[in-house]
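Residues per chain, in single letters:
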Amino acid sequence: MIQHTEEIRAGWCVVAVRGRADAEAADELEEALKAALKQNSKVAADFSGLDYISSAGLRAVLQAARAAQTLEAEFAICRLSPSVKKVFDMSRLHQILRVHGELPC
Amino acid sequence: MKARRSVWHNQAIQSETKFALDGSLKQLERLTDEVARFCSERSLGDDMKFDLDLALEELFVNSVRHGGCDGMEEAVEIRLRADGTSVLVEFSDRGVPFDPTSAPPPNLDAPAEERQPGGLGIHLVRQMMRDFKYRREGDRNQISMRREG
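In the order they appear, the protein sequences are chains A and B. Numbered per our numbering, the first sequence finishes at 468, counting up by one with no gaps. Numbered per our numbering, the second sequence finishes at 150, counting up by one with no gaps.
Next comes chain B alone, as it looks inside the complex:
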């Protein structure tokens, strides 16, 4: 008897999406579109969509502006995986080694001019995401995190 893919199996395949972005801020629109499609196909709500969009923008903009990814083709690779009501996010870039999970938390009460550039963005990521982890693998920074449903 021929093996047939069950509907359940197909759903498992569709639970993941992967895309690459060039190192240009013009790619933000594409990032937003990919996140919106991922969420709407899985009936994930607007809060989930907003937080994924925001966390990924912050990481992407850091890579382009401070990580040396500016002008690099396919500089960033993003993988989104639905896990029940949560979403697992993997973000990797070909920039200089940088561990955002060990970046010092910004002094939010300090005047704007004393704040570290990029510090606020990482702070926002930490607020929205769980299991924020970093590892360097070959020439890539690999970040993983989870947005709970």
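So here's chain A without its partners, still in its complex pose:
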């Protein structure tokens, strides 16, 4: 199960994601991030409340990043928990994506 909230802060739309980004929740995550990217030129995904991610969840984040490129929007992935960071590291996606320790705003 996955939940998200949106908040505008210093020109950034911060999408705070909580829960589990598994294969069942991946579509919901992708849609939430893409919807924010369509309406905002700067989007930060706050993953501090994300407990778990699988390859399906990673793919959702990757699709959102590709949408950001098409829309010419800024997309930052922030505050990964240690276990979620481990999955990003194993996948080497952090080389393609903009991953930050802290929020940009």
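Calculated directly from the structure, the hints in this document are not laboratory data. Built from N, CA and C at the ideal position, the CB exists for glycine as well. One or more of the hints may lead you astray.
Claimed, not checked - One-sided excerpt, in silico: chain A residues whose CB lies under 8 angstroms from chain B: (1) GLU387; (2) TYR415; (3) SER417; (4) SER418; (5) VAL450; (6) MET453.
Stated by the list, open to error - No farther apart than 30 angstroms at their CA atoms in a straight line, the calculated lysine-lysine pairs in the DSS-like style are these: (7) A:LYS397 to A:LYS449; (8) A:LYS449 to B:LYS27; (9) B:LYS27 to A:LYS397; (10) A:LYS397 to A:LYS448; (11) B:LYS19 to A:LYS449; (12) B:LYS134 to A:LYS448; (13) B:LYS134 to A:LYS449; (14) A:LYS401 to B:LYS19.
Chain A is already provided as a structure; the job is to place chain B on it using the hints.
Using the frame of chain A, we list chain B on its own:
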């Protein structure tokens, strides 16, 4: 004199758990719950729980999405066995023959659109698990692997 089960013997029995999942992604919640219970009953840490959960999700989702297990009752059977601080995992499904251990490693530096579907999940399993083995037995794919403690 009647034979009595020693405490040690009981612990040996409890070191294993087995459950079946239907071929539906809705079963992921059940998978997570089973892994969490197995780990908490044996005082295995959060890292172990996370890795078992992730490796099993990847195999299960592959079976449902690419292995023909979608909609199949009791499509997948999972057995977890504690062995000291390690956990032995046996995963079997009734899907089409597929050997994930011989799947080519994904080109992680390739653009997303050039990556093979399912390749990333198997790559994650390989990173976390040891002794990743496959055999076809009758109408089942049998995968075994070990997460070291």
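Query raised in the report: Hint by hint, which ones does this structure get wrong, listed from lowest number up?
Result: Of the numbered hints, just 14 does not hold.
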